[in-house]
Structure formats: structure tokens, C-alpha cells
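Participant: Use these hints to put chain B onto chain A, whose structure you have.
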Amino acid sequence: MSIDSTQNHINPVRPDPSTGSGLKADVEGWAGFDKLSPNGIKNSSNSINNCLLEVSDLQVAYGGIQAVKGISLQIAPGELVALIGSNGAGKSTTLKTLAGLLQPVSGEIQYDGNSLKNIAAHQRVSMGIALVPEGRGVFARLTVAENLQMGAYSRNDKSEIASDLVRMYELFPRLAERKDQLAGTLSGGEQQMVAMARALMSRPRLLMLDEPSMGLAPLMVKKIFETISDIAAQGMSILLVEQNAKLALQVAQRGYVMESGAITLSDEAKELLGSEAVQRAYLGG
Amino acid sequence: MLNAPKIFLTIGGKHQRHAMLVLMIATLLLLPFITDVLLGRGWVRIVDFAMLYIMLALGLNIVVGYAGLLDLGYIAFFAVGAYCYALTGSPHLALAFPMLFPDGVHLSFWIVLPLAALIAGGFGVLLGAPTLGLRGDYLAIVTLGFGEIIRIFLNNLNAPINLTNGPQGISRIDPISVSGVSLNATQEIFGITFPSVHLYFYLFLAFTALVIFISQRLEKSRIGRAWMAIREDEIAASAMGINTRNLKLLAFAMGAMFGGASGALFAGFQGFVSPESFSLMESIMVLCMVVLGGMGNIAGVILGGVLLALLPEILRHSVVPLQQALFGKSIIDPESLRMLMFGGALIAVMLYRPAGLWPSRVRRRELNTDEADEKV
Chain A
67 MSIDSTQNHI NPVRPDPSTG SGLKADVEGW AGFDKLSPNG IKNSSNSINN CLLEVSDLQV
127 AYGGIQAVKG ISLQIAPGEL VALIGSNGAG KSTTLKTLAG LLQPVSGEIQ YDGNSLKNIA
187 AHQRVSMGIA LVPEGRGVFA RLTVAENLQM GAYSRNDKSE IASDLVRMYE LFPRLAERKD
247 QLAGTLSGGE QQMVAMARAL MSRPRLLMLD EPSMGLAPLM VKKIFETISD IAAQGMSILL
307 VEQNAKLALQ VAQRGYVMES GAITLSDEAK ELLGSEAVQR AYLGG
Chain B
461 MLNAPKIFLT IGGKHQRHAM LVLMIATLLL LPFITDVLLG RGWVRIVDFA MLYIMLALGL
521 NIVVGYAGLL DLGYIAFFAV GAYCYALTGS PHLALAFPML FPDGVHLSFW IVLPLAALIA
581 GGFGVLLGAP TLGLRGDYLA IVTLGFGEII RIFLNNLNAP INLTNGPQGI SRIDPISVSG
641 VSLNATQEIF GITFPSVHLY FYLFLAFTAL VIFISQRLEK SRIGRAWMAI REDEIAASAM
701 GINTRNLKLL AFAMGAMFGG ASGALFAGFQ GFVSPESFSL MESIMVLCMV VLGGMGNIAG
761 VILGGVLLAL LPEILRHSVV PLQQALFGKS IIDPESLRML MFGGALIAVM LYRPAGLWPS
821 RVRRRELNTD EADEKV
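Going line by line, the protein sequences match chains A and B.
Counting from 1 along the first sequence, just add 66 to a position and that's the residue number in the numbering used here.
Counting from 1 along the second sequence, just add 460 to a position and that's the residue number in the numbering used here.
Next up, chain A with everything else stripped away, as it sits in the complex (with noise of 0.2 Å):
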């Protein structure tokens, strides 16, 4: 795994919301929106082999039909990692297995050395995992400004919430003109800046992103994943799934290949998008 250690350090310690009172957000900084500093906090609270989210044998089935078939993967902090796969190969069951929203059969998810077992989906949301969810899921019938503000349900921290979503409109312009509009009258694309900012403003340290660039225009699509790569370039977790396999192993440091339930490659990147068995499948040639 290329990690870069020095990102380590970004990452603000959460605190558990299964033992502490919860959800006094960091003060120091934020994985995505401060600029690398050198004094930073020291994260000791990963695992051994330095995993934010470790997956293990993960199974998962709806009623009989299993959709997920033992799947192991791992994030490391500060990593961007592309899971693509075909239509039905079960990445956005997997993603919602990982948010809390699916129950698994079996297997394991260990987020920041800690079991997520019996941790409920909005008390994931509060230990630093969030979701964008297929389809973008936007509060159509909120405001945009509303849309984020549900972000940061999660917080209590007002002041902080409000200089967060001054950073969001920065960091999406676009949303910034259209605060006051409701989110269903906006693009696909200005939708999806909407489900990625107010999963930002939950401060999460793992983002999920699931399908970000369906029923996009071209130029919005790269529009968003110029975004991811910001987004990861300031050192934030991310998880992509995508069925743009060209795209998404482009902006990704490493890369799973997912077919009908199962994993059958891994690779860096870059090794997987020279691969000629991902260039037959996915790549059209």
C-alpha cells in the first residue's frame, strides 16, 4: 500500500460516541478543509497495520439471495480507494452494509480499530463515516442551505457549523448562488455537489460515495471527481464506488474489482487500469 504517513496525522481524533457524551467535533482541523499542517494531532487510536477501515469477510444477503459474498478490503487513513465493479455486482449493498443501513450475514468491519457490530447507521454517521448515497438522496424539498444544515445534524458545535458551511460554499460556488432554491429544482450535477457537501458538513474521516457520477452530463462528471481528487488531495478518506472503472481507478490511489459478490482483484490504480483483464471488462477494449 502507497501511504503517505505523513497524512496520518491530519486525521482529528473522533471521540466514541458508544463510550463518550459524543459530539464535540474537533477544533484543531478537519481531514478535508485545513491545509496540511505539521503540528497537527498525532492519531493514535488506529490498529496495528494502520487500517481506518478494515473489512473481513463481509457477507451480506437479501432474505435467500446473497448479494455480498465475503468480501475483505481495506482503507488506509488518507486513501482514496475505487471499488468498481458491473451493474449488480453488489458495491452499493456493500457501501450501505458499511453505513449502517444493511444488516451483514456475517464478516467483519473494524473503523478505526473498533468493531462497528450492533452501531446503529446515525451513530456511524457521528464517529466520522458518512454516505452519499446512490442517486444523491438531497432533501428535495429543502433548500440548499437547508440540505447542508441536515449535514450537520450530527453536531452540536454552532459556530463551527457555520464557518464549515461558509468552507462548502467555497468549495462548491455553484451552491453558494443557488442557497435559497430548493434542492429539487437544481441539476443532477448541482445535486450531487449538494449530497457531497452535506455529507461533508457531518466532518466525516471516511466518505463513501456511491455512484457519484450517474446520469451526469460528461462535463459535470468530471467536474465531480475533479472535486473527489480535491477532496482527497487535503487528505480525507474515501471510499468510490463507481461503474465508470476508467474514471474512478484514474483519481484512485488503489483499486477492488467486484464481480457478482465477490472481489477478484486488487491492485494499485494505476497497475489495474494497465490490467488487461479490468481493460476487457470494464474499459470496453
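What the hints contain is simulated information worked out from the structure, not anything from laboratory work.
Among these hints, one or two may not hold up.
[Said to hold, decoys possible] List time: in silico BS3-like cross-link candidates among lysine-lysine, alpha-carbon distance up to 25 Å:
1) K312/A <-> K289/A
2) K680/B <-> K474/B
3) K224/A <-> K680/B
4) K312/A <-> K336/A
5) K245/A <-> K680/B
6) K312/A <-> K288/A
No experiment lies behind these values; they were computed from the predicted model shown.
Facilitator: Coordinates of chain B only, in the frame set by chain A:
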């Protein structure tokens, strides 16, 4: 600006708005007397019932308008509240269980009212818990069934033990008395004579104001916003850190508590309850008030409540005399005309004002932005 009681106020400067507010309060306070003089005592009673319907509609608005959970059995909570009051405030328990309650229960109104609200809230959770995974049509069917189950229970729980007195209902319910003053008798205060219906009007007015206040605070609160997020997209709401299970249960419970409280007021006012007051038609009526008036908007819901509560009475008092004047006899029964007009009004509103007669701020803006986009 956000917290101001602005629901009735639309345009005009600050002074104008204050003047309008004062005028509105004065009108409301004088309403029973004005109605009495202009239309007769019977109409004051009708206005009282309209207030009860407004409270019910506002309660349902929490469940349907804010949290987006379609509830077709809402009247069941009204029934639970009404029977709570009826059982504790009538000789029925003393007659049915002379060993347990030799003198009946006869608790103070201020104890029974919160009790009725709490028990109804409990029933709300009882309905909410098994239906957490359901949405839309499926939820509507289950809630419809729930409403019927409650009514049928009330209808049949006169055997083996006579708890509800079955279809005959419970009569001789104590009137509501506030700090020793019975509302069932004419009272003289400061030299002004207040007939019973007037006294009930003021009681209901106070409670309606309280319900409006609570609804308004809820709408702007963290809880209210979480409900709206759940209404818009439950998965995304849950991914935002919202505990969707607890908040949906809370919506059911809050709505049910309002229903239960108005049920208790109804029982005290009416002095008699029976299962037939709580039919499916009533649930649909209350839902129509919410939808017709403007889902999610307090002012709209009040408007819907007033219109639909008064419409049948206006018809009853105008259709028969009108027909007699025109044809010399009554040809169409006002009751059947009511359903015809009601259906027509519903279709017209859904066609021309799909967001309701008085839509919420957001819905209105939604329509405006659509128009703005078209112009661009």
C-alpha cells in the same frame, strides 16, 4: 422573524400586522357572541366542533405533513382519548365494576386530560412500532386497519366484561369543570352571561392556540427538520445521523397525543361517546382537512378544518330552505349533496391547487421557482 406568530399574517408593515393581530384576537374572543346574535345558539355549538376538528387536523398534520407518514386511522386516537375521559368521568365503571370502583373514578379534568393524551400517545407508539418499515400505500392500509380495530374493539368490549358498554356507548359523562366552574351551566362573569357553549368555545380556543403554538415550535425545531428529512428521503436522513426509528415513533406519538387530548375534550363537551363517532369516514375527513388546506402548513390546515367542519352545516341550513323556496319541496337530501360537493371540491383542489388551498412556504416557493425556471 421565525418565531413570530405569523401564520395568519401575510402582507403589510409591522404596525399593520400588529393591528391585524389585535383585530383577529378581538374577533376570536367575540366570535361566540357574534355567532349567537347573527346565526343563533346552535351555530356556536357548530363552531365549537370546528375547533375540535382543527385540533385533530393539526395533530394529524404532524404525522402526515411533517413526517410524511400517511395515517388513515387517526380517529382511533381521538376515540382512545374520548373513552379515557368517558370511563373516568361517568358512572359506567361504578355500574360495571361495583366491587372495584364503588363510586366511579371522577378525576379532575386536569388529570384526565394529560392522562388521555399519554394513553393515546402510547397507542401511537403501538401503531408506529410494527409499521416502521412501511411507507406510503402500505402504511396507509395498516393504519386504516388499526383505526377499524380500535372502533370494533370499542363496539364489542361489552362482553365478557363490560368495559366500553358496546354500541350503546357511554352516557352521563361529567361535564368539564375548570377550577370548580362547571362549563355545562350558564355562568355569569363580570356581569356578562356566558352560556355553556360559549364557555366551551373559550376552552377549545385556548387549547387550539396551544396546539398551534406547539406545532409551530416543532416545525422550526431540530426534531421538525429531522421529520422533514425523513419525509424527503429516509435513507439519506439515516445517513445524516438521524435516528429514523425513534423520530418516526415520536411523530406517531405526538400526533396521537393531540388526537387523544381533543378526544377527551370532545367527550366532556358531548357528554356521550359511542363507537359510531369514530368511523373510517371521520379519519378520512380529518385527512382531507390536512390535504385540502395545505399539508405541512399550519394556517392551511386550520383553513381546511374550518371549511370542512362548517360545510355540512352550511349545506344543511341552506339546501332545504332553498329547495323549498324553488320547488316547494325538498328533493335532494343535504347529506348526499354534501358528499357530492365534497368530492367535487377535492377534485378541483387537486387539479388546480395540488399543494392545497394554502400551501406551505416551501411548496409555494417550489411552484414559484418552477415558473422562474420556465421564464429563464
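Participant: It remains to establish, for every hint, whether it holds in the given structure.
Facilitator: Verification of the hints:
1. K312/A <-> K289/A: Satisfied, since the Cα-Cα distance of roughly 15 Å is no more than 25 Å.
2. K680/B <-> K474/B: Distance ~22 Å between K680/B and K474/B Cα, so the pair holds.
3. K224/A <-> K680/B: holds (16 Å)
4. K312/A <-> K336/A: The given pair, whose Cα atoms are some 10 Å apart, holds under the 25 Å limit.
5. K245/A <-> K680/B: holds (18 Å)
6. K312/A <-> K288/A: Answer holds: K312/A to K288/A is near 12 Å, not above 25 Å.
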